[in-house]
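Just so you know, the protein sequences line up as chains A and B, in that order.
Going by the numbering used here, the first residue of the first sequence is number 1, and it counts up by one from there.
Going by the numbering used here, the first residue of the second sequence is number 1, and it counts up by one from there.
None of these hints come from the bench; they were simulated from the model.
There could be a bad hint or two in this list.
Stated by the list, open to error - Examples of chain B residues lying across from chain A (beta carbon under 10 Å, computed):
#1 374
#2 378
#3 393
#4 406
Here a beta-carbon is modelled for each residue, glycine too, at the ideal position from N, C-alpha and C.
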Amino acid sequence: MSVKRKRNLSATIALLPTWFAAVVVFVGTMAWSIRLSFTNSTLFPSSTYVGLAQYSKLFASAKWLASLQNVLVFGVLYVAGCLVLGFLLAAALDRKIRFESAFRTIFLYPYAMSFVVTGLIWQWMLNPTLGIQASVRSLGWEGFVLDWVVNRDMAIYALVLAGVWQGAGLVMVIALAGIRGIEAEQWKAARIDGIPVWRIYVSIILPQLGPALAAAGMLLAMGVIKTYDIVVAMTNGGPGNATEVPAKFIMDNLFGRQNLGLATAGATVLVLGVIIAVAPFRYAMHMRNQAKGAA
Amino acid sequence: MKTMMKLFLAGVAFAGSFVPAHAEDKPTIEIMSSWTSGGEAAALNVIKTEFEKRGGVWKDSSIAGFGAADAAFQNRIVAGDAPGAKQGVIGLAAADFVSQGLFNPIDDVAAAGKWTDALPKSIHDLISYDGKVYLAPTGAHGESWVFYSKEAFSKAGIAQEPKSWDEFFTDLDKLKAAGIIPIAWGGQPWQQTKVFNMILLSQVGTDGFLKIYADKDNSDASVEGVKKTLEILGKLRGYVDAGAAGRNWNDATAMLITDKAGVQFMGDWAKGEFTAAGQEPGKDYGCMFAPESKGMVYIADALWFPKTGNAATDKAQKLLAEVVMDPNVQLEFALKKGSVPMRSDVDKSKLDACAQKGLEMMSTGAIVPDQAIVLTPQQVGALDDFVDEYWSGGSNDAGSAAENFFAIFE
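Sequences and hints are given; from them, build the entire structure.
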């Protein structure tokens with residue numbers, strides 16, 4: 001008993017810096033940002049409270065509303081695209097192909113690049129006067145059009161394309177590790193029963209990959225909220241508001257437009273949004289764990 | 001061995017105590033600027049060379065992109081680690097810093113150099129806050145210029161500079177027919193706003209322009225002016241190539257330098273790019289004001305001097321302010337950057353044909369300030385959003401857009 005308490009005490013002491021960081025740095029700065037969002041701060045923090053004025057200004061802004069819509073479209077397509085493509089790649093690599101490790105490296109490589117590099121590369125490739133469109137036209141197909149980054153309706157999908165290209169490799173690695181962890185006996189049994197390969201993947205392998213894919217999806221989803229650098233590198237939010245995202249809106253107002261109050265209001269809405277999105281999920285997990293414990 | 005070690009350490013300690021003491025004697029300054037393109041860097045170098053000649057130590061921290069440099073500067077200020085000097089525009093952007101007591105006044109330098117006599121009154125007013133001078137002006141830029149490639153014009157059979165917007169559009173059609181991209185369009189919101197402003201000036205004149213931006217006047221005449229401006233802006237869309245979205249201004253200038261495009265709307269800093277490419281005004285390229293305009297939009301750059309609490313830096317700030325306002329530096333700087341000197345007593349004969357036109361506008365007072373001088377940074381951002389949304393949205397409903405314009409000032 002006393003030994004246990006001692007151990008707990010030393011563990012508590014060891015964790016103190018972490019606690020300090022969590023409370024002061026994380027919660028403290030968050031509280032400070034939220035406080036600022038109720039003031040009329042411009043370039044420097046001010047302590048004149050204006051109530052919800054910044055929030056009503058925020059939701060009257062077409063740019064902010066467009067940014068919320070864009071991050072939703074981007075987020076859903078990006079996460080879904082990465083998961084589907086990543087799983088397909090993993091399944092393909094699992095077919096005991098030659099040069100597997102070489103392919104694995106190639107597919108994972110994009111993930112090692114920063115979003116800025118990815119964004120710039122895709123911007124060049126999709127730029128109608130420099131990239132794919134120009135080179136196909138120079139081969140003689142004059143009517144060829146691939147102008148996604150400069151097209152108002154398609155620019156957001158250009159971002160998705162670049163994002164999936166970068167993120168699918170990560171899902172592939174996680175899914176492949178999951179697939180390799182599945183017992184070979186199941187394969188043998190399924191073969192004996194004469195089940196087609198695609199059916200084995202869909203009905204037997206995929207359900208067992210649930211936790212792995214959920215982890216991968218969570219990692220990607222966290223990236224979505226922070227989406228900033230790829231947008232700046234590829235389209236800078238344009239054309240018009242077509243690819244504006246909340247993180248960029250906040251950064252622009254924080255620095256370029258000297259509008260601390262509005263920027264912190266945007267940041268607060270973003271945090272609230274994440275909490276609202278995650279809370280039911282956490283609650284469901286909690287309930288399931290309790291149910292398990294009871295049984 | 002032990003004694004050797006001791007000797008070595010003593011030597012290090014001695015050298016260590018000696019070197020910084022020596023460096024502290026010299027006025028040392030860290031300059032933060034966003035002047036990174038060829039012409040800009042060459043102009044900054046003029047100041048640097050003279051500053052070093054007079055015994056200063058110069059530390060460059062250039063950051064590409066005006067917004068990026070501003071963000072970095074704000075971070076440094078908030079962190080209590082301000083650089084010795086920052087390049088920025090004259091106008092409301094500096095006002096907050098001054099009112100928070102974060103900048104050093106340079107009154108004594110201004111008094112010693114008789115800045116009141118050397119500068120136009122409007123500029124002297126803009127660099128002073130509460131009767132004290134805080135900013136050292138480097139140069140003024142005309143920004144309602146239309147540059148054109150002489151070769152592209154002659155290929156398209158255009159003999160004369162267009163005098164009206166109708167003639168201008170006819171010439172754009174000729175350029176298009178000759179297989180040349182008519183307009184080298186810079187696709188960033190701030191560049192598009194400059195085009196909007198030059199058209200607005202051509203439509204409402206200098207008085208109307210000041211009424212809108214300085215007095216926030218939304219009378220029928222002003223609304224009508226904005227509407228006509230948007231109509232002309234909308235028509236320009238048809239003469240822009242597909243790769244225009246997001247294009248940098250210097251990349252657009254390069255399209256003129258290589259004669260791939262006909263005209264570019266831009267401030268006179270574009271001349272720095274032409275000069276860096278070995279081209280001459282009047283020979284390889286031409287400069288004119290936007291058609292029908294009887295004035296010029298200007299913006300002015302200055303150096304800001306944050307308080308650093310370091311005596312050597314304070315000394316360096318004063319030396320730098322002196323250097324920047326030196327008549328020769330002003331002239332050399334203007335030649336390299338393509339700007340117009342701030343001092344009215346410099347040798348004008350050395351300036352190129354375009355800068356002379358600009359200086360004439362300045363001296364006759366036919367100038368209006370850029371929005372950054374009269375609007376807050378939030379309003380400047382809202383104006384950029386407004387113009388970009390109209391341009392990229394492809395809407396031709398100039399009437400209802402014009403009504404929205406005045407919401408910027410709320």
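How the hints compare with the structure:
no.: 1; hint: 374; verdict: violated, 15 Å
no.: 2; hint: 378; verdict: holds, 5 Å
no.: 3; hint: 393; verdict: holds, 6 Å
no.: 4; hint: 406; verdict: violated, 15 Å
Against the hints set out earlier in the document, violations occur for numbers 1 and 4.
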